[in-house]
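J.: For the sequence shown, the working numbering puts the final residue at 477, and the numbers step up evenly by one.
Simulated from the structure, these hints should not be mistaken for laboratory data.
A few of these clues could be false.
[As the list claims (entries may be wrong)] With a straight-line cut-off of 30 Å between C-alpha atoms, the simulated DSS-like cross-links for lysine-lysine are:
id	residue 1	residue 2
1	Lys460	Lys377
2	Lys48	Lys377
3	Lys330	Lys303
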Amino acid sequence: MTTNICQIALSVRDTTASLRFYQKLFGLKHVFGTLSFRGKQAERIQGLAGVASRVSWLIDDREFFQLELFEFESPVSAPLSPEDDERVGYRRILARVDSLERFEALAQSLGLSMETRRSANRRFIRDPDGILIELIEDSSLQGSPYPCKLTGLGLVVADCATSVATFVDGLAFERSYRTVEQSNYTVTNACLIKGDMWLDIHQPANPKPWPPRYRLNDIGIMNLAIGFDSQDGFAAQFDRARKAGFVPNCNPVGQVGLVQCVYVNDPNGFSVEMLYCSPRLYALVGFSKPNWKAKLFNRQREKQAYKALGTRRDSLFSRQIKTEIEIDAPPSAVWNCLVDFERYAQWNPMLEIQRIDHRPGGQVHFAVKLGMERKASFQARISSDEAPNRFAWRGGNPFTVAGEHFFQLVENADGSTRFIHGERFSGLLLPALWQRLSQSKRLYQRMNEALKQRVDTAHQEATDERLER
9 MTTNICQIAL SVRDTTASLR FYQKLFGLKH VFGTLSFRGK QAERIQGLAG VASRVSWLID
69 DREFFQLELF EFESPVSAPL SPEDDERVGY RRILARVDSL ERFEALAQSL GLSMETRRSA
129 NRRFIRDPDG ILIELIEDSS LQGSPYPCKL TGLGLVVADC ATSVATFVDG LAFERSYRTV
189 EQSNYTVTNA CLIKGDMWLD IHQPANPKPW PPRYRLNDIG IMNLAIGFDS QDGFAAQFDR
249 ARKAGFVPNC NPVGQVGLVQ CVYVNDPNGF SVEMLYCSPR LYALVGFSKP NWKAKLFNRQ
309 REKQAYKALG TRRDSLFSRQ IKTEIEIDAP PSAVWNCLVD FERYAQWNPM LEIQRIDHRP
369 GGQVHFAVKL GMERKASFQA RISSDEAPNR FAWRGGNPFT VAGEHFFQLV ENADGSTRFI
429 HGERFSGLLL PALWQRLSQS KRLYQRMNEA LKQRVDTAHQ EATDERLER
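Make a model of the complete structure from these sequences and hints.
T.: Written as structure tokens, this is what we have:
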């Protein structure tokens, strides 16, 4: 059984900016992408409710390796903070370069700056999302068509010995005595290798935990993938990983003998993808340039994914505004504030409900507050009223511009609420009006923040009332 690190996956905010960075600076080739990672199967694999993403793949000259970029439409990804460098998690991409001097000159020509630290043969740079990349000079790459090679990941862990044992026992990494860069705050470290790639594991003196409410789709390094050259090897290692304490999000997904995929999580919260893929399917999943059959099949997969969800892909005549916020209250409490339309005037900076018929299909008369005491009045009909999960109304003219304004409440594992707020627009005049309509996203975000404050206030008022009794 041959295994290797076949993929590094990143969650990025702007695919275009990230593609430019990794293509221009590291020379990677963008070969393919897909919109099919959405729906129930994607939810099971990635362990994220309501997940939907745009995926792009980049490769170098290695046969079975790719950099995978996810731009998530849902859930909303939390940004990467500079202080996250010292938190538990995947914190650095490791990259070998033929010459630090040449690389730095190229970076400067692209308007990018380097970070210099103690080691003479290492430098650091950040990608457009702030992901830290450690550059290690390797003269053996001189003259290579790819003088920059992504070569592993740097991890910050709470217990180095436990993490090493987990990756060795569960994923067949090997211990290495390669010299690793130690920072001033490192207590102990280790290096694990698999093929031509490695993991640089650091344990700080006082490790900070994972970011609050961390999710796999948050901006940064998502995980790595272990690739297998046989179905039997994949199955055997999957059993070994579970015995070592890795917990899968679901059973392996795919067609036996062609492709099998599963995300597993170690006891410390690190996600790892396990992947068997027949070389016959490399063109379909971004390990090589796609042929026309792969492109056609991918298009069919995308259509099926959207159809299964009952949604539509953004197009010239159908586009969506979507926002999210986390609220520290159960969905029932958020719902009560959301549908208390008579009190909107007390807190809602976006909407004014003038009249509403609560029956299914009932009319809603409302105004959108545009600022400077300006309002735009509309009429719509209730299209969804599913307490305490979803409320929506639909209005407008499909021959010009129509829209469905929706509110969705999803309960998190800790009992809090993910509040999703947006509108799906369609119509023949949408291409001409979209730029103006899309600018209203800030209004949706302002309402989200105000609703969060309103829920907090309502909770405090209820608490005070109970105390008075």
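J.: Holds or violated: Lys330 with Lys303, Cα cutoff 30 Å?
T.: Within the cut-off at roughly 28 Å; holds.
J.: Is Lys460 close enough to Lys377, meaning Cα to Cα at most 30 Å?
T.: Judged against 30 Å, a Cα distance of about 19 Å means the pair holds.
J.: Between Lys48 and Lys377, does the CA-CA distance stay at or below 30 Å?
T.: Answer violated: Lys48 to Lys377 is near 37 Å, above 30 Å.
Figure legend: structure checked against the earlier numbered hints; the only hint not met is number 2.
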